[in-house]
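J.: Take a look at the letters that make up each chain.
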Amino acid sequence: MNGAAISVRGLSCTYPGAARPALADLDLELPHGALAVVMGASGAGKSTLARCLTRLVPCFTPADVTGDVRLVGASVANRHVGELAGTIGMVFQDFEAQLFSTDVTQEVVFGLEHTGVPPAEMPGRVARALAAVGLAGFEQRDPTTLSGGEKQRLAIAGLLALRPPIMVLDEPTTDLDPVGRAEVLRTLAALRGEGLTLVVIEHDVAAAVAADRVVFLREGRVIADGPAATLLGDAETCAAAGVRPPDVTRVFAALGLVDPPLELEAAAARLRAAGVVPRPPRFLPRGARVSAPLIALHGVGHRYPNGHEALVDVDLELRKGEFVALVGRNGSGKTTLAKHLNGLLQPTAGQVVLRGSRMAGRPLEEIAEDVGYVFQDPDHQLFASSVEDEVAFGPRNLGLAPAAVEARVAEALDAVGLHERAADPFVLDKGVRQRLAVAAVLALGPDVLVLDEPTTGLDYPEQRAMMELLRRLHADGHTIVVITHTPWVIAEYAQRVVLLADGRVRYDGTPRPFFEDDALLAAAAFRAPEATRLGRLLGCTPLSVEELVAWVPQRTSACP
Amino acid sequence: MPLTLYVPAPTALHRLHPVTKLAGLAAFIVAAFVVDRPLVLLPLSAAVAALLVSAGGLPNVRRLRLMFVLVFVFTLVVWTFFYGTVLVPTRAGFFYGLSTAMRLDTFLAAGILFLTITRIEEIAYALGRLGVPYTVGFMLTLAFRLVPVFFDAALAVLQAQRCRGLDVTRGGLLRRLRRYVPVIVPVLIGALRRADRMAMALELRGFNSGRPRTTWMRARAGGRDAVAGVLVGATAVVYVVLWASGTGRLAPLP
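Same order as they appear, the protein sequences are chains A and B. Sequential numbering of the first sequence, starting at 1, is according to my numbering. Sequential numbering of the second sequence, starting at 561, is according to my numbering.
To be clear, the hints were calculated from the coordinates, so they are not data collected in a lab. It is possible that some hints are incorrect.
[Said to hold, decoys possible] Derived list of chain B stretches under chain A, where covered just means 3 residues or more per stretch with a C-beta under 8 Å from a C-beta of chain A:
id: 1; stretch: 656-664
id: 2; stretch: 699-713
id: 3; stretch: 749-757
id: 4; stretch: 760-766
For every residue, glycine included, the Cβ atom is placed at its ideal position computed from N, Cα and C.
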């Protein structure tokens with residue numbers, strides 16, 4: 001086939017009432033079979049671009065759209081979303097919203113029925129689509145019993161059966177654990193092998209490394225477009241786009257080396273060739289082990305009413321002033337464990353002790369003043385019409401006097417750096433909403449803060465802001481427990497890692513030995529941060545780029 | 561926790577044509593509706609119970625046992641004390657209460673039987689075969705599917721708000737209802753957001769592709785369906801005759 005699979009010329013898009021266009025005069029051309037990864041901070045226009053390609057904008061979400069979009073040579077102007085079903089497919093982050101059926105086969109058949117595919121042709125198409133996403137053998141399963149990664153792959157199969165030459169994936173792995181991410185990335189590689197043109201919107205650099213093309217968007221414009229190695233190898237361009245550069249890139253930049261290879265082995269070889277030999281100090285600083293236990297779990301087990309044993313014989317002590325990362329695959333018991341820390345769940349075996357007294361039987365709202373819990377999705381708790389009312393909700397529930405409520409609100413908003421007190425929470429960016437959710441819990445005055453995946457769904461600058469906020473709260477004396485899948489969050493912020501597997505504690509200690517134990521990491525389907533893996537290839541175990549660079553002795557300036 | 565009632569099992573009842581299943585549900589409801597003499601209702605209730613057990617629906621009954629008991633006891637007590645009187649128990653009231661309680665529990669059991677043996681897609685298929693427009697049938701089945709999703713969301717929101725000191729157990733009814741605002745608002749907004757995404761996902765799967773729809777499901781009505789159809793049809797006819805002849809009815813209030 002000649003011509004481009006996707007050709008976009010002068011595409012502009014403005015939503016009604018928006019101050020600035022979501023897309024401004026955007027040009028993009030992708031050849032058949034390309035894997036393009038589109039990156040950028042939130043609000044850069046990534047999703048809008050995807051939706052303009054599929055015609056969800058303006059057919060579904062009204063907007064003023066101008067410019068020319070051609071898919072496989074044909075203009076999409078005046079076409080409906082449904083008409084393009086066999087031309088372009090699109091997968092969302094929210095996989096639950098894309099599944100409509102009670103078994104896997106029905107789910108894949110669904111789109112075929114609506115596009116008039118003859119029933120005789122269906123079994124063959126279903127089998128091929130399921131095989132392509134690695135779900136052969138799942139035909140009779142109920143989609144609600146699948147894991148997140150399996151659900152997302154099923155959503156892909158449902159579109160794949162329509163045989164579109166182009167597929168757009170809008171943050172397909174954001175809500176998945178490392179196992180699910182790896183599954184979906186493998187599926188992408190398989191689809192590419194079948195010759196599909198893929199456009200993937202991603203925050204995670206790991207997904208972009210394999211791409212033919214990387215496109216950085218900022219404020220509705222393409223600010224960089226080229227091979228992965230060129231864009232991701234340039235720390236400044238990444239920073240301009242609000243993208244987290246690969247650790248290798250930052251290491252090379254800090255050492256004054258150019259053209260970083262994105263492949264770790266090659267990068268290590270280049271560093272060795274350049275005479276870079278990190279020399280870690282003999283005594284590495286260890287997390288301060290301190291003070292009395294705040295919360296203690298003794299032989300805690302939890303069995304759900306359906307018989308599932310989520311926790312088995314867990315012994316754990318949380319001490320004042322700790323910063324703990326709770327890690328493990330989805331379904332390993334992390335959230336179940338976290339909900340025991342504030343009484344949301346009661347152990348079915350053993351006991352939980354808070355400040356020396358048993359937690360069982362104490363009312364939740366009383367425990368909430370000791371242990372705050374921030375849910376993964378801020379939208380599960382925001383309901384008020386203004387930021388200050390949202391934060392005041394908790395203190396008012398405690399029955400505090402108006403002056404005391406006001407003091408708590410001011411303190412909590414100050415702590416998270418939010419100053420638009422009258423703003424409507426629902427129009428704030430996701431990252432700001434997440435910080436507001438933290439403020440709302442902080443206002444109850446807890447010593448311990450438990451956060452379920454506080455960085456999920458945020459772009460890199462927002463993720464940093466969230467983690468720096470937690471670091472400040474920790475420095476102010478709060479005890480922090482975060483559930484997370486993000487390696488650099490653990491390595492750079494946590495003092496202690498608790499790894500759960502099948503409801504049991506598999507590791508409990510400092511991060512460095514955790515990231516050195518390959519067998520443990522493999523069992524947990526976990527990877528060390530890139531900086532750590534790069535360091536290990538060079539014979540040391542740094543936890544961050546800064547640490548690795550600091551360990552490299554200053555070289556005498558190169559000969560002229 | 562699964563919230564749908566379908567029990568995948570290879571029983572003869574499961575293999576019935578969806579239209580037969582729907583007809584059976586309608587027949588049982590009509591039969592239980594027209595008569596109100598407890599002795600006449602008894603064989604019908606027993607038959608529905610037996611079918612429910614043979615379809616593997618016992619776990620569903622166990623899950624909903626509280627509903628069965630509450631409906632039965634409440635109906636019986638209310639009618640016994642308020643049948644043409646106020647707070648005076650009467651014999652006629654007791655029998656009318658007993659029959660109403662049996663009828664309601666039979667409706668419930670017949671409904672559970674239907675959902676135990678019928679996939680949501682089969683319901684849509686049956687409705688389609690009966691001439692109901694596709695989109696209507698689909699929306700109905702989607703509503704079924706969404707119940708567990710929104711139930712989960714509501715549970716998560718309630719937990720999140722309780723962590724912020726929300727206590728929904730204190731105060732009078734009105735105050736309690738007002739306390740639910742912080743739960744209802746996020747659930748509704750979340751539901752709207754998800755509905756929006758679902759609608760987009762539907763469009764992307766060609767829901768309005770403009771092409772004629774095809775149907776993958778091929779339910780074939782067989783001898784089994786003929787037998788079942790005759791049996792449930794006869795049941796409905798017998799009960800209608802019992803009603804028309806008056807033997808199925810209790811004496812009316814004087």
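J.: Verify this for me: three or more residues of the stretch 656-664 of chain B with a beta carbon less than 8 Å from a beta carbon of chain A.
T.: With 0 residues in contact (Cβ-Cβ under 8 Å with chain A), the coverage given for the stretch 656-664 of chain B is violated.
J.: With a Cβ-Cβ cutoff of 8 Å, does the stretch 699-713 of chain B contain at least three residues near chain A?
T.: Holds: 5 residues of the stretch 699-713 of chain B have a Cβ under 8 Å from chain A.
J.: Report holds or violated for chain A covering the stretch 749-757 of chain B, Cβ cut-off 8 Å, minimum 3 residues.
T.: holds (count 5)
J.: Holds or violated: the stretch 760-766 of chain B covered by chain A, criterion of 3 or more residues with Cβ-Cβ distance under 8 Å?
T.: holds (count 7)
Violated hints amount to a single one, hint 1; each of the other numbered hints is respected by the structure.
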